[in-house]
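Take the sequences, apply the hints, and build the full model.
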Amino acid sequence: MSEKKTSKFDLIISGVGGQGTILASDIIGKAAVLSGYSVRAAETHGMAQRGGSVINHIRIGCDLGSLIPPGGADIMLALEPSEAIRYIEYLSPGGTVIMNTEPVYPVSVLSGKSKYPDISAILKELEDNFTVNSFDATGLARKAGHQQSMNVVMVGALSNYLPFESEVLVGCIKEMVPPRTLDINMEAFRLGKSQITDQ
Amino acid sequence: MKNREYMLGNAAIARGILEGGGKVITGYPGTPSSEIIGTLASMENRNFYVEWSVNEKVAMEVAVGAAMTGVRSVVTMKHVGVNVAADPLMTLAYMGVEGGMVILVADDPGCHSSQNEQDTRRYSEFSMVPCLDPSTPQEAKDMIPYAFSMSEKFKIPVIFRSTTRISHGKSDIILSDLPDTNPEPHFEKQVDRWVMIPKHACVRHPQLLDIQEKVASYLEKSPWNELEISSGSKIGIVASGIASVYAKEAIMKLGLDVSFMKIGTYPVPESMIREMLDNVDTVLVIEELEPIVEDRLKIIASNYSRDIIVKGKGPNFIPRDGELSVDICERAISTVCDIDSPEIKIHSMNKVMNLPDRPPVMCPGCSHRATYYAMKKAFGPDSIYPSDIGCYTLGVQSGTVDTTLCMGGSITVASGIYNSGEKRPICCSIGDSTFLHTGINGLLNATYNKSNITVTVLDNRTTAMTGHQPNPGMGKLATGEQTIEICFEDLCRSLGAEFVETVDPSDINTTIETFRSAKDFQGTSVVVAKQPCMILARRMGIRCSPYTINVELCTGCKACIKFGCPAIEFDEESKRARINSMCTGCSSCVQMCKFGAIVEVSE
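Quick mapping for you: the protein sequence lines, in order, are chains A and B.
Take the first sequence: its letter number 22 is residue 22 in UniProt numbering, and every next letter is one higher.
Take the second sequence: its letter number 553 is residue 553 in UniProt numbering, and every next letter is one higher.
No lab work stands behind these hints, which were simulated from the structure alone.
Please note: incorrect hints may appear among the correct ones.
[As the list claims (entries may be wrong)] Okay, the calculated beta carbon distance ranges per label pair:
1. A:S166 - B:G556: 48 to 56 Å
2. A:P93 - B:Y304: 41 to 49 Å
3. A:E175 - B:D87: 55 to 63 Å
4. A:D183 - B:R122: 50 to 58 Å
5. A:P93 - B:K594: 49 to 57 Å
6. B:G467 - A:S166: 27 to 35 Å
7. B:L536 - A:T131: 39 to 47 Å
Nothing here was measured: the structure is a model prediction, and the numbers come from that model.
Just so you know, even glycine gets a beta-carbon here, dropped at the ideal spot from N, CA and C.
In structure tokens form, the structure reads like this:
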């Protein structure tokens, strides 16, 4: 019995509340709709503002439910290293992880109650099983002008994999970010995009 | 592809309300329902009335009043809000409506942001009010105008049940036109209908029973139920609401040819179910939470004398708790069809890597953290701390949240613990919006019945957890318009509290002293801890300069670390505290450092 494809492109975005996961998925979802695809997406609301662990599902070219089945995602966009590991079960075998290497420590780690795993150990675990593209997206965002634009750096990196033109993404970013941060976000997108193409 | 927009489910529902000509829209915030009113209230040039009501019972009654005049009304709430509004709901079913009325309830299977996962379809059965259960955000939008006209046709309100994945799902939505005109309101006096004294209720109850069959056959013909009979299989899958898209995907992935039925209405479509039963010998019912379709289907099969195997809730099939997913459906369908469940190659590293938990926490600079710190200093670890529902429930990690039952349940639970004869001091906490929701009654009950407890009103000037909705303590309406501002001190005094003190929790020593006086007071004492939510303050442009650690003065005693602020770290190498970029400059930690090591960042 062969598995039938029920979605053209399934994407998981994981991170920490406050990192801008919802804006990142909004940019992608809107651009996909403008490119003619049906889109289904699921988001973490409410608690997201409170520094908790968050996961968003985005299904491009799908008209069923918004939840990606475990082992079904084509790509994982991880805005934080430990949040890549936490939700990795959603990624399909042989899938690709695009990961920001800059950690955000939970309060239990800050207060010394628990330990955060080594970034190198996280990377090794991921690289043994998946294709991994990792870089310091927070650092690139600072270079672009503000660390808050890290989510757009990540969208830039992802743009190399999406099934539609990145010009549409750029148009959506222009429309959706606060006007005074436009230049920073355009630079953030460019830096993120070139992380992958320059390799 | 015109009029196709990428929208949040709740924004699509708000659009549906406009397409259906909703005139009066009320509600109380509650995840995952809050963005419906939020979307409508932020619109300009409104030709409708929208409010945040003080609680769900109030919201429902306001919407009922509007529906009595012949205009279309909507009330929104989360599932647990229906418990608060259940009193008007049960009699409203008898009374009925003139204008179409939709009771919009968002359920939260999986408890993403709730204290329980009750199934609103039970309220539909209980009240005999019909219910619509959408499977996608598009269907959710399209169902609202249908619900209005059906409500008017049968003069009965309609429950619309959303779930987290509908309300907080996003999808491309095809928009329809907005109506040009709305009916003019006119309240017609009909004592036998609007005055539900026993004599009238006894007449209305059989009428409610009478229309059930008519409602059922009307819904049977609605576009929200679908049946596909497969001639090649004796197995039928029946799925309702959002579960129907999971079931459909599972069937597609398995490549199966089975009969499939989607249910989107309650009462369920009985003759459609009978047609399914004519063609199968086994049925699997897939629905989130309660076995409502399953139980109905068993009764229908029995009345219809069909010897059918019905599978649904149970081990190896569909769980009665939590959210469903495609893989749960795949496994259950594989079992029923007696095929091997596909081996899903899932790679889980969670346990291997021993990841630290990342629960949601109070934000850096949150005034609740400072209030709890002072509360605990004054009352000590042995006191009892009943609490309530809001951001401050996250204080469970700081040991100042011992109970959380329901909205407004903190003061009353505190009274109960006191009345049991428990001798330890009791200090409960409740947020500003929650106090105005159902805490007022609790305080009145405490003062009247002489509870010797301390009540802390955590007044952060907003309804923070659900997304900063205005409340009567803020002097602002849902639409942003100015209004009267309720004074908590005056309110508490008028409810009989003789000790009422307001403190600024960022002044920690004064706050501790005030809590000590409240503790010593014999009777019901109230402390109002007033300081705006940091997220809201920053959005309004209020910025304080951040703090840093003077490493020369820091002794590494960890007093500031124990405060639990995400902006304070402990550097294991230097054995000193460190303040990170999340610092909002609230200055609470400065007062905890005996060594003066926490200093403002110099420009």
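Checklist entry - What hints, given by number in increasing order, does this structure fail? => result 3
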